[in-house]
Each structure stands twice: as C-alpha cells, then as structure tokens.
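Residue numbers (my numbering), protein chains in the order written: chain V, 52 to 213; chain L, 350 to 634; chain P, 35 to 796.
Fair warning: there could be bad hints in the mix.
[Unchecked claim] Mimicking DSSO-like on lysine-lysine, the simulated pairs with C-alpha atoms at most 27 Å apart in a straight line are: (1) K206(V) with K52(P); (2) K791(P) with K603(L); (3) K465(P) with K447(L); (4) K52(P) with K148(V); (5) K152(P) with K53(V); (6) K712(P) with K182(V); (7) K447(L) with K712(P); (8) K172(V) with K408(L).
[What the hints assert, rightly or not] Derived, one-sided and incomplete: chain L residues facing chain V with beta-carbon distance under 10 Å: (9) M350; (10) A354; (11) I356; (12) R357; (13) G380; (14) G381; (15) T382; (16) L388; (17) S390; (18) A449; (19) K451; (20) N455; (21) A457.
Everything labelled a hint here was simulated from the structure, so no lab data went into it. Backbone N, C-alpha and C fix where the C-beta goes; we use that ideal spot for every residue, glycine too.
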Amino acid sequence: MKLEMITINFTINGENQQLDIPAGMTALELIRDKLELKGTKEGCGIGECGACTIIVDGRAVNACLMFAAQLDGREISTVESLDQADELDPIQEAFAKQHAVQCGFCTPGLLMSTHALLTEKSNPDRSEIVKAISGNLCRCTGYHSIIAAIEDAAKPQPKEDK
Amino acid sequence: MFDVAYIRPNNLSEALDFLNAKGAESKILAGGTDIMVDLRSGTLNTRHLLDVSRLDDIKKIEVLDGKLSIGAAVTIAELLESETIAASAPALRRAADKFASKQIRNVATIGGNVAHCSPCGDTIPPLLIHQAQAVVANPQGQRNVTIEEMASGPYHCSLHPNELITHFILEPKPPEVDFADFQKIGRRQELAIARMSMAAMASKEDDDSISFLRFALGSCTPTPHRFYEIEDFLMGKIPTEDVLWQAGKILAEKMLDITGRRPSAIYKEPAIQGLFMRMMSPLIQ
Amino acid sequence: MKAKYKIIGQNIPKIGLKKRLRGEPIFSADLELDSPLILRVLRSTRSHADIKRIDYEKALRLSGVVGVFTAEDIPGKNLTGIINKDQPLLATGKVRSVGEPVALVAAETQAAAESALKAIEVTYETLPAVFHTTEAMAPGATKIHEKGNLLFSRKIKKGDVDKAFRQCAAIVEKTYQTTYVEHSYLEPDAGAGYVDYDDTLVIFASTQNPHYDHKELVGLLGLEDKQVRIIQAATGGGFGSKLDMNVQGFVGLALYHLKRPVRMIYSREEAYQATAKRHPLEMKLKTGADSQGRLLAMSATITCDTGAYASYGIAVTSRAAVHATGPYEIKTVAVESRCVYTNNPFAGAMRGFGTPQIALAHESQMDLLAQELGLDPFEIRRINALKPGSKTGTGQELTASVGIGKCLDEIRPYFEQAKTEWQLEPIGPYKKRGVGIGCMWYGIGNTGVQNPSTARITMDRNGNVTLFTGCADIGQGSTTVLAQIVAEVLGLAPDSIRLVVADTQCTTNAGATSASRQTYISGNAVKGAAEQLADVLLTEAVNKLKAPKTSLHLDSGFVRVLDNPAKKIEFSWLARRIRQKGLPLTWNGFFDPDTVPLDPETGQGVPYATYAFACQLAMLTVDTLTGEVKVEKIVAAHDVGKAIHPENVKGQICGGVAMGMGFALMEEFVPGQTLSFKDYLIPTCADMPEVIPIIVESPEPSGPFGAKGVGEPALIPTAPAIINALADALGERIYQLPANLERVLEASIKAGHFGPKEVKNV
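Same shape as in the complex, but just chain V (with noise of 0.2 Å):
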C-alpha cells in the first residue's frame, strides 16, 4: 500500500524541520516514531485523556487528534523543551514539591497544559486551572497535588537579592 507523501516545515521545541511524511500520519505519531520524542505519550487515542497533549502556537492540543500535516508552518513544543541542562523548570519543580507525580504518565501531558495555561494567565485562579487541566485525566492522584502544583508555580516568584 502505497501512502501519499507531504513535505511540512515546522518548528519543535526551537528547532526547524523539514519532513517528508504520509500524509494520514498523526502529530503524535510524528512526534514518537519519527522524531523519537517519547515524552508525549498515547492514553487512549481519541482525545478523551489529554496524556498526548503538546503546545501548537501557544495553545494546548491533543496531538492524537491532529494530522502532522496540520503543523506545517507551526511552532510546536512537547515536554522535551522544558528542562534546561538537566535543571527542572519553575513548573517541574512545583509538581515535584508538591507530590504531584505517581506513575508518571500522565505527567507530561499535564505540564504541557500548565505551561500553556501559565503563558495565557500568569496567575489563573482555581476555576481556570480546572478548565484547564479537565481534559488531562489523572487515575493516580485524585488531582488535589496537581492542582496545588500549579497554583504553586502560578505564584509570583521572589525578587532574588545578589
């Protein structure tokens, strides 16, 4: 079976691309198999658990719902791009602090969401975080850690005196 090929150009996580790709191929499979970024993982496939979500232009989406071709001309960013040299980003550090991460799959799914939340609002409050994060299902933590997370990282950091 031969699939119809498309070339894109796109941006992810700060580096151009250019790819020849079957056009009926998912982001999310571009993003795993192609570009072998595992960070954003398959929960379910159809939208319905948020673990695929990654950022496109600034906003939040399901890459299992999206084609690649649909991120011709986009700038994409998934988990890889928060971390900085093995340092934790201000996000990462508060799901740490606040015990926000059990099994893990979930997780990166959620930091995407919060990273496009925090970007749209720097200090949302609890009912904008729920909308936020209500399309990213979590069977672990009954969401209260996660939740404490993201308003910890939504606070105004401190001045630091040198």
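Since the structure of chain V is already known, use the hints to place chains L and P on it.
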C-alpha cells in the same frame, strides 16, 4: 496512520474547486477532532482531507448589517474569547465554555460541530435560538441552510459532497434580552457528552410577562430542535414556578412525541423538566 | 522535640521523579529497540465456541508478516493463572468469551499486522453461553470449564446465627449489587523484548509482579529460569489489572520463535477488551442488632461473576466473605461466598479485591439498622467498632493496631459540623444536602495463604549499599518507601543507596504489588536485610572503636559512638575488613505474615496478620430534579500504622477517593458496549470534592516501624459514604452501583422530591 491524502487550499476558491472535482471522496478538515475519532473507529472512510482551518475568509467573527456572522472555521476557544460573541450570543458562549476539554476547544470549530450532525452537538441549541443559517458555498454559488435543515438524521449531514459551510449568520441577541443561557447534563462535570442540553433567551415586559422567548433542546431528539410550543405557551405569561412547571411538562410531552417511549425516556422525561426549571428559574420574579 | 526517626516519616523526593517530569523514555512503548516487530493478537468473536480450524496460510503470505502462532506453537505448558491455572495463553480447543486470544501475529509494521489479523480464518462451532451467575449455576447449564461452573466457595461460620437473629430487636435484610469496573490506568498495557547475546529472552513489561511473569513465561516456553529475564519497565498505573499477564506471554512466544526484537502495545480499545475487570458482586446481607445497637448476627450470600477465567476470583471471593462483617465485632456470623464462571470476559484483581463491593453492603446495613433503632449512624459504628481484644468473624483475636475507633473519633467533629450546620444551610427548593459515613477494614496481604517477600542488600568494598528488591513500583512509591527503610536502619541518605528494582535476573521475588502488601511485607523483608548488615557493621566496629556495641550507632556512612560522635569509622573501612575476613557482604531478608489458613467449612483462622482501618465522611448535594450529584467534601481518616512517607499516603488517599467516587457515581463497564475512553467515564479534576486526608497512626508491632498499608484502603470507604449520604439527602436508598443519573433521579422521584415546590406526590 491513515491512508489518506491531505490538501490545504490557499483560498476559498481553491477549496471549492477541489470539492467540485473530488468532493465525493473528500472530507472537510477543520479542527479534525471528530474526523480522527471516526477514522480510528472505522466509521469514516475517505480519500482526501481538505484542510480549510486556515482560510481567513471563514475565520471571522463580525457584526454586519445587524447580523452576527461567525466563520465556519472559528474555533470553540475563539468563540469563548470573543467579546462580540459574549455580547451578541451569550448562550453560544456558555456552550463553548462547556464544550469537551480545553485541548479540544483550541482546535474544534463551530462549522465542524454543526456539520458532524451529532444529536448532542453543544453549539447547536444556541445556534437554533439565534435562528442561525449556514451559508453554504457550492459550484453554483451559495445557498442558505438553516441549522434545523443541516442534519437529515443523527450523524447524517444533508450537505452535498461538493459543498462547504463558509459562515453562519445569526440574529444577535436583542438588546432588551437580559436572560440567555445554555445548560447541559453530562455524566461528569467536564469532558462529557451532553445527556441533554438546552438553550434559551428571554425578556420580560414591565408587568413581568414574557415578551420574547426562544428555546431549543439538544441531545433528546434525533436532531436538535427549536420548541415553538414552549415559546408559544410562555409568551405573554408571567413566569411563576407553576407556569414554568407546566411549560416543562409540555416540553417533556413534545419530546416524547418525537422520540417515543424509549428506555432512555424513563430518565429523560423527568430530567428534561428538571433542567428546564433550573435553567428558567432566574426568570421568576 | 527530637523526631524519633530521621527518614521515616519524612516526605523525601520520590525516587524516579525527575525521569517522569522530563518525559524520559521509560515506559514499554518508549524503549529503544532495533527494528522491533509489531505483535498483534487475533481475538475470539464468540462467547463460547469450539475451535474447529484456524487457517492462517493467507496471513503468512502477506507482505511484512513474519509469523503467525497458535496454541500449537507454545513449547511448554499452555496454561496460566495467578491462583489456579485455567487460562491458556492462546485458545486451545475452545474459546470461553469474546476477546479471548486465538492467534498471535508478528509483522514488520502495524499495517501488515492488521492485515494479517483480517486474513486469519477461524472456524467456530457455537456452544450455548451463559452470561449470568444464576444461569451458570442452574442444573444442566453449559459447562465452561471441565470441573463445572462453580469455581470456589468460601464459608464462614461463627456461632449460631439463627438463634441470635431471634434475639435481635432489629433486623435488616437487603440485596446489593455492583457491576464491572475498569481500572483505566493511563498507560495502556505494553511490553517489549529482545534476545540477549547469551540467548536469554529479555522482556520489558508494564507489570505489577515481574517474578510471577517470569514463572509463567518459563512454564509456557519450557525454559530454564535463567533463560528468561523480566524487567519491569516504568508502569503507568495498574490497580490490579497488571497482575495478570497482559502482553508478556505474547512477547515471550514471539521472541522464542523469531529471535528478533519485538514490541506489543495495546490500544486503549484493546486494553478495555482484553484485560481484567472488577468482579460484579451480588450480595444479600441480613444483619441484626439488639435494642442498644450491638450487632448480634450477620448472614450473607455473596456471588462473584469471575467470567471465563478465574484470575483472582478466588481471592476476591474469599476477601469479600472475610470482610463482610465490616470493621465491627459481631457475635455470630454465617457467610457463603461463591465464585462462578460465566462466558463474560474474565474478572480479576482490582484495587480492593471484593472489599469495595462488600463495604457498600455492610455500611448500608449499618445505616439501615441505625435508622430502625433510632440511633445515630455514627453511634452505632462506635458501639460495634473492633478494638484490641475483639474477635473477628473468622475467630481471630485482634491484639494491636486496631485504629477504627480512632478513625471514627477523627471524623466525629466533621460529622457533627456537617449535620448541625452545613446540612441546614438553605440551598434552594430543588437541591438536597446529604451527609454519610463509610467505614472499612482491609486485611494486608493475601488471604490466609503464604505470600512472602524477599530482599537482598549488598555492600561493596567502598561501603556503598545496594538494595535488590523484586517489588514493582507502579506509581504508588514503594521504591521510595523501601529506600527510606534501608536509609533509616543504616543511617544513610536515601539517595546514596543504589537500587536494583524488579529485574528477575538480579532481584528476588517480593510477591505481587497488590493487597496493599508491599510496605508491610517487602518493608519487613528489606528491613530484615538492612538490620543484618547493620549488625555486622556494628559488630565489626566494636574492635576498631573500642566501645561496646550498645554505645554505637550508624550515621551518615559511619559507625559512631553515640555520646562521642568524633569517634567514628567509615563504612568503607569496615567493608574492607569484613571482606578480608572472608565474610560475605550480602544479606537476605525474608518476611511472610503470620497467618493461619481458613478452615474450608467454617472459615475460622487468621486470614491476615494485620488490618488497615478507615472512616470517611461524604458531604454532597443532589439535584432532586435531574439526579446530578455533586460531592462537595470527603474527610478521610485512615489508620496506616505508621506513615513512612506521609505525602505518599495522602496521595494514595486522594487518588483512592477519586476512584471510589467514580465507582459510586459514574463508572460502569458493559462488556461489548464499553469500547473506548469515550464510553467509560472516570472523574476529571472538575469532579473532585475537597478532600481532607487525616493520617491516623495505630502502630502495628509486626510492621516496619509500625507501618501497615493504604493503597486499597484509600478507595474502600468512599462509595459507601457517598451512598449513605445520598440516602440521607433523599430519604431513599440506592442498592446498586453506580448511583448514576438514572438511579439517583429514580430515587428522588420515589421519595417524592420531584415536582413543583408546592405540590408533591406522596
């Protein structure tokens, strides 16, 4: 990975040309959230995906000549963020707020939701109360299709394969209307398909009687409907607890007239009255 | 005040945290392999049928298809099962439910594998099928297994219930029902493997019990122990489902024949179809009390539908029977609990093993009895709560760590406040508020059978300590807790301890991560090994420090004199000395709980060495017109013996509450109809009530630092508390889970709440 081809036309005219040539083997891709699910489950089989999500012509929200125009490719998130929608179609804004999840709202479109013709589509009851018409482009030019005419049955869109919704024309909320709402019952608070939904807009005279009312019901009938019987019943009446209960009863009867006594009626018959009371109670003095 | 322990009770950073935050490729679907073949399974479309032929020639000829295997290709014994072996890896002779694996396909690509599945032709001859336990138990019913459809029966008999019932002032007799529930862990089952340079089959598995997987693989493939190696990959939740093998057997079979790397990932749809579910239970309970509310008699008939294969059916059946009394002392008890085969898909372990179901029953009975007698639901529980000296239904005398009273006492002020203030606040004519309590007890470890854990600790010549444990961490934090135990005993920082976890080539069997047993059982095994090392170090240090052993302690990699810390000797020095003497630097720990098998006729015995206890309070609002329920607050008091990592405990409690709430209100798996995540709803963060976790510590003398367990207890009281709160709100009780929109509205209508404010039907 699906065996499909992908085309992204640069403008509306290219899109229409493609549909003209290959409409029968194509599916219009906007957000893609329904398409991907249907491809995966095998309910959809198509050769071409025509991506219209970036056509500026069909992404505008504007008020023109006293009518509210919403481009078919406007996303649910954009509906939620739009001040124009908040002012002119608040029930639609409420529906957008309750739509699926944030990730899905960010890409799903109003055109996609309407064209999918799900009995449970959240945008449909609000569109109905705004007497929305879809402006549909085809090789001959364009035609208007009311929301009610869009679905010929559950998940069956009446549009022809070479047609494309460009935008929706809505009657904006009249300035005197201060009550507009959309409510839905799902099996959980968020990311839930509507078990039932309803949208309404109303205003009252100085003597408290209802002077304007539009009401639509979703998820209870094979295709969503305006319910003129309820509107007729309540027009001119003062909405008391009792009057609203009576209206709710009529609504339940009329729904059952359409659906018959299916097993789900055991729940839906009373619940529809309950949701109606909850939604309409703010009208009680 | 100086803390008693340095590391125990501290919320140290979770081990493995950073990898998960960074999205490192640690799950089976992520692991890098060299051009792995894709494996897929062809599944039965019949509920009960003889297999006449399997034609796969066409499939084998398809481009990209490398192998097709059936039962005939299994070199060893084609029979698996975690308790009794009744489940083939690939169907042989007949299929017993829809979804049963019939053939295994290995292909170069996903698409080729799919095509192969479509090209395999199976000729079935349909057999009559039964889908309900009553049908299955009827005389002449189609036999699903040779031995008949009744798999197992657990009876408990204590005293004379009939006589005792005659003395009761109030008797309540009701039937309760629960349905299939799906674990819905976020990581769909997955595994991968390759053949190592020495021909060892290396299998990565998303599993809760790697050593069990190993045993099954060795049996299936007819190999020596060392020829198979199971490594637990990061496992994205399990909740009991990943105790049965999921893909391990298929991975092993493919490796055995094809000698090429392979990977197998279930789609969510396949995970739904192919894996274990929570047993549906039908429970008839009759409970009686005297006029003061003291429980005199309880009889129960429990039927568990275990589906086509046993899996953990026997354990669920036994546990439900033992726990049917609830955490209360009841003078006379008569229980019969049966495990029945049907042609439904198989049911297996799910968090709680029958206790979430039976807790619904015993806690509803308590509220109903309280109502009959005009007692407060809190009071009736306090009167009957187990305490040291109490005798359980199986005749076990509890001696210590019986924290149910304490849990109730913690909940009391919240209960009072909810009843006297919260519930009386005006909230409009069509909403009602309800307050409910649910209590539970949960025996730690497997019921009345040996379930030991082992561990090994080594020290190298530089004084570095390595812990080898076969204990699978599935997110609950067992690795962290075990490291804490070693750290406390040896006076080390937890992150200085090397950990080798769940790799059958290196670790020894710790038993399954199930039955909330790992902290208690593996904790003890690990503690035992660490204490042996500690003793050896202290003994060796006596000569060097010229101080008696009792004056020494371990601290930060040194042995020090307690009241003269400058006098010290480092571990590395001691290690070298011990080596020079020719003594080994390896110590093994072992622990098996002290139990007595249950008598087959009377169920008398000691099923568990220790029990966890809890009480939860639910506060909720019901919309009486639509059946919608909003759980506003859950207060959860859990006796865990000792919280080794308090935040882990709270995390378990919060997660358990979420799962319990789903069980109560929205989760219902219908085989054949529930196909994907769209069809099966688990709570999102928007559904969560406020959760107040309260850790109660009633130390267990036989537990490591007094600890017991919390993994399953966390979930058990929630649904009972919610159902009791609903009954409180509506004045009408629901006896069947889930209490979904339909059932709640039906109850509301029955109780006369539906209708205009002024006019109500009575």
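>> Next item in the hint list is S390(L). Is there a CB on chain V closer than 10 Å to its CB?
In response: Holds, about 8 Å.
>> Holds or violated: the hint that L388(L) contacts chain V, with Cβ atoms closer than 10 Å.
In response: For L388(L), the interface hint holds, since the closest Cβ of chain V sits about 8 Å away, which is under 10 Å.
>> Checking hints one by one. Is G381(L) an interface residue toward chain V, by the C-beta closer than 10 Å rule?
In response: holds (6 Å)
> Does K148(V) lie within 27 Å of K52(P) when you go C-alpha to C-alpha?
Replying inline: holds (11 Å)
> Given the hint that K206(V) pairs with K52(P), does the C-alpha gap stay at or below 27 Å?
Replying inline: Answer holds: K206(V) to K52(P) is near 22 Å, not above 27 Å.
> Can the hint on A449(L) be confirmed by a CB-to-CB distance to chain V that is less than 10 Å?
Replying inline: holds (7 Å)
> Is K152(P) within 27 Å of K53(V), Cα to Cα?
Replying inline: Holds: K152(P) and K53(V) sit about 19 Å apart, inside 27 Å.
> Taking 10 Å as the limit, does the beta-carbon of A354(L) come near enough to a beta-carbon in chain V?
Replying inline: Where the cut-off is 10 Å and the nearest Cβ of chain V is about 4 Å from A354(L), the hint holds.
> Do the numbers back the hint for G380(L), that is, is its least Cβ distance to chain V under 10 Å?
Replying inline: The hint holds - G380(L) has a Cβ within 10 Å of chain V, the shortest such distance being about 8 Å.
>> Holds or violated: the hint that I356(L) contacts chain V, with Cβ atoms closer than 10 Å.
In response: Holds, about 9 Å.
>> For K465(P) and K447(L), compute the direct alpha-carbon distance and say whether it is at most 27 Å.
In response: holds (22 Å)
>> Check the hint pairing K447(L) with K712(P) against an upper bound of 27 Å on the C-alpha distance.
In response: With a Cα-Cα distance of about 16 Å, the restraint between K447(L) and K712(P) holds, given a limit of 27 Å.
The structure agrees with every numbered hint stated previously.
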